[in-house]
Every structure is written in structure tokens, then in C-alpha cells.
Amino acid sequence: MARPPRGGAEPIDGLGPGRAGGGQRPRVAIDYTPAVTQGGGIGRYTRGLVAALIEHADRGAFDLRLVLARDAGLDRLPPLPEGVSLCRLPLPSVWMSRIWHRLRLPLAADRLIGGCELYHAPDYVLPPLARAQGLVTVHDLSFLTYPEGAVPALARYLGRAVPRSVARADRVLADSESTRRDLERLLGLAPDRVTVVGAGVEARFRPLVDRGQRLAARQRLGLPERFVLGLGTLEPRKNFVGLIQAFERCAERVPDLHLVIAGGQGWLFEPILEAAASSPHAARIHLLGFVDDAELPSLYGLAESFAFPSFYEGFGIPVLEAMACGTPVVVADNSSLPELAGDAALRVPTGDSAALATALLRLSEDPELRLRHARLGPIQASRFAWPAAADRLVEVYRGLLQR
Numbered sequence: 079m080a081r082p083p084r085g086g087a088e089p090i091d092g093l094g095p096g097r098a099g100g101g102q103r104p105r106v107a108i109d110y111t112p113a114v115t116q117g118g119g120i121g122r123y124t125r126g127l128v129a130a131l132i133e134h135a136d137r138g139a140f141d142l143r144l145v146l147a148r149d150a151g152l153d154r155l156p157p158l159p160e161g162v163s164l165c166r167l168p169l170p171s172v173w174m175s176r177i178w179h180r181l182r183l184p185l186a187a188d189r190l191i192g193g194c195e196l197y198h199a200p201d202y203v204l205p206p207l208a209r210a211q212g213l214v215t216v217h218d219l220s221f222l223t224y225p226e227g228a229v230p231a232l233a234r235y236l237g238r239a240v241p242r243s244v245a246r247a248d249r250v251l252a253d254s255e256s257t258r259r260d261l262e263r264l265l266g267l268a269p270d271r272v273t274v275v276g277a278g279v280e281a282r283f284r285p286l287v288d289r290g291q292r293l294a295a296r297q298r299l300g301l302p303e304r305f306v307l308g309l310g311t312l313e314p315r316k317n318f319v320g321l322i323q324a325f326e327r328c329a330e331r332v333p334d335l336h337l338v339i340a341g342g343q344g345w346l347f348e349p350i351l352e353a354a355a356s357s358p359h360a361a362r363i364h365l366l367g368f369v370d371d372a373e374l375p376s377l378y379g380l381a382e383s384f385a386f387p388s389f390y391e392g393f394g395i396p397v398l399e400a401m402a403c404g405t406p407v408v409v410a411d412n413s414s415l416p417e418l419a420g421d422a423a424l425r426v427p428t429g430d431s432a433a434l435a436t437a438l439l440r441l442s443e444d445p446e447l448r449l450r451h452a453r454l455g456p457i458q459a460s461r462f463a464w465p466a467a468a469d470r471l472v473e474v475y476r477g478l479l480q481r
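The letter at position 196 of the sequence shown is residue 274 when you use our numbering, and the numbering goes up by one with no holes.
Incorrect hints may have been included.
[As the list claims (entries may be wrong)] Using C-beta positions, here's what the derived DEER-type ranges look like:
#1 348 / 446: 19 to 27 Å
#2 358 / 241: 27 to 35 Å
#3 342 / 450: 28 to 36 Å
#4 288 / 480: 43 to 51 Å
#5 352 / 208: 47 to 55 Å
#6 352 / 229: 16 to 24 Å
These aren't lab readings, by the way, just hints derived from the structure by calculation. Quick reminder that beta carbons are idealized off the backbone N, C-alpha and C, glycines included.
My request is simple: use the sequences and hints to build the entire structure.
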């Protein structure tokens, strides 16, 4: 097994001034690796939260150190002002995971990065710590509630590592009230150990009203005139097969309606590709693959409706983004989705493709209903903001640092 270089993590010169000699303020370290290695999901959550945290008015009470695995790139870094520094761990992320969570070697993360008072792990698992307090974010417990949707090895790994991490953590963060309840119910966490810090919507997600911009975006992305949009990593939990089945029902009645699915390939994605290819309406089903963040507002804005029929979600940022863009939304009635959608989206029973088709047809055929939800969506989405999430996170940081 490879050994980490002596001296542990290395500050990256010119990428954040830090503080000479460690300064007088406590240091909070955040593992920023998922923000630069994951395009969607947890990566977007971490990027949005850290960006808001850096801008937070009370951040001067502590220094912030962003931690990157050796193999993580630098292309998705936020601006690093005074008091924010960056350093790399001595090994690639896969090796750090093996050392910390599979071999369970006591290689303390806080010592590797030169010391900190609080270490925040935003991606389910907390590394061993020597002296720092530990904070871990658990986005969902799908590996327990929907294990058939994950690669068995991954489900087994999370099933061991996550309970150990939350047991060792001084505090646990959840994305939603739904995940908080799951943590209490499935892992036995006391209510006073879990705090909900949700996600937000960036200001760039807003209705696309300019005709010229709409035409340019449609041509750039190669999109049909009328389409239902589905977005997310291609994996069983997202229920894209059910969405394709629902679209097939809609296609019989609305001959110019198309289905567009955007998202990179995850695990067990083959049935989704097979369902699209074997559909009698395959020519009207478009799989775009992963779509860059910069194109998402246009993609949402051009869609006639947005469908999110997932079997389970810890949060579901795309629901908020679609609503912020004024796109009518249909969600499955489970986990965190009702608390996100409120009354601004149509809800359907989980796994019921016939009910999903009925909801999509209602939106397609009823302009007044479409307009109503286009107006309600931005109002509901405005209740979720990154600055508010950063407020709650800073409260948690301050509470732990005062111990």
C-alpha cells in the first residue's frame, strides 16, 4: 500500500492567502473534493453552500480551509479571499477513502492539513480526527431505504461507513426534514444531534422570456419545440423508466410532444437506455447526457414541464431550479419532494406511471393550469436560498467552536 508523503497535506501557493502563523481565529476545514469532482448532486450542493459561506458576513469569526484530494482539479474553485486557504491531501481520493473508511487506519485528517478546530465532511463519511470536532453531512439514506437502486458494493460500503461516521460526529447535518427523520428513525440519532441545512437556488435560474435568447438556446442545445424534461443521473432511483412509460401514454394524445432526459450515466443505467431505444416513440425521446451547469437555466426555461418521479430524494435541487425558471413541475409524493414542492407542483403517487402521464397531460392541455404553476414556482423556490443555508451552517459552526 502506498504511504502518504511526509508532512501531510500541502498548502497551494497563490490560491488563498490564509493567515500567517495560523492566526488567532479558529480554523474550520471543509472537504471540498466533491465540489470539484462531482458535476451534479452533492457537488452542486457543496459548491453552492461554500460560495455562500465565503460571502457570509460572520465568517470573520473563523478561518476557512478548503481541503482537496491529491487528484482533484482546480477548475471549480470559488474565489479565495483573506482568511480562506486551500490545501491538498497527500493521496488521491480513492486512496484516502480506502485508508480512512475501508482499512480504518487512524490517519487523522486534522493533523494532515496542519490542524483545525472543526472538520466538516460534506459527503456522508467523516475521516478520523485527532483533536478537531467533526461535522458530517448526510444527504439521504437511499442505500438503506432503496438499496436495490445502488451497486451492491456501494450500498454495503455506505451501510458500514455512514453509521460509524454519524456515531463519531459531534454534529450531523441533513439536507431536509425528510432526511432528518430518516436519520432518527433508521440510525437512532437523537433529535438534538441533527440540524437541517438545505440547499438554495442561484439567481441565474429565472424565467427565460427573451425570444432571441430562447431561439438561440433551442438551436444551441438541439431541442424540440415542445418537450417534457427529466434531469438527473441515470440510475434506478430516479425512475426514468417510469417517466418513459408515462411519456408513451402522453405521446399517443399529443403528437408533437417530446421527452428530453439530461444526465450522466450512473449505475445500473442500462434499463433506461433500453426503455428509450425500444419505445414505439423512440424518435421523440432524446437522451442528452450530462449538461453543463451553464446551460441548465435555458434547458429548464424551454421545457413545457419538468418531471421528477424519483423513488427517494434527500433534497432534489433540480425541482427548485425548474420552479425558479417558471417551468411547471410534477413530482413523486415521497421523501423530501413534498416539502420542497409545496403547493407549487403537481404530485403523483410514487411509481405510478399512469398518474404521472395524467399530470403531464393536464399541464400539456391546460394553458391556465400551466400558467398558474409557472407563477407559483418562483415564489416557492424563493423560500430556499443559499445565504439562508449559510446562516444556518454558521450557527452550527459557532456552536461547535464555542464548546
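Taking the numbered hints from earlier one at a time, note which ones the structure violates and give those numbers from smallest to largest. Result: hints 1, 2 break, sorted rising.
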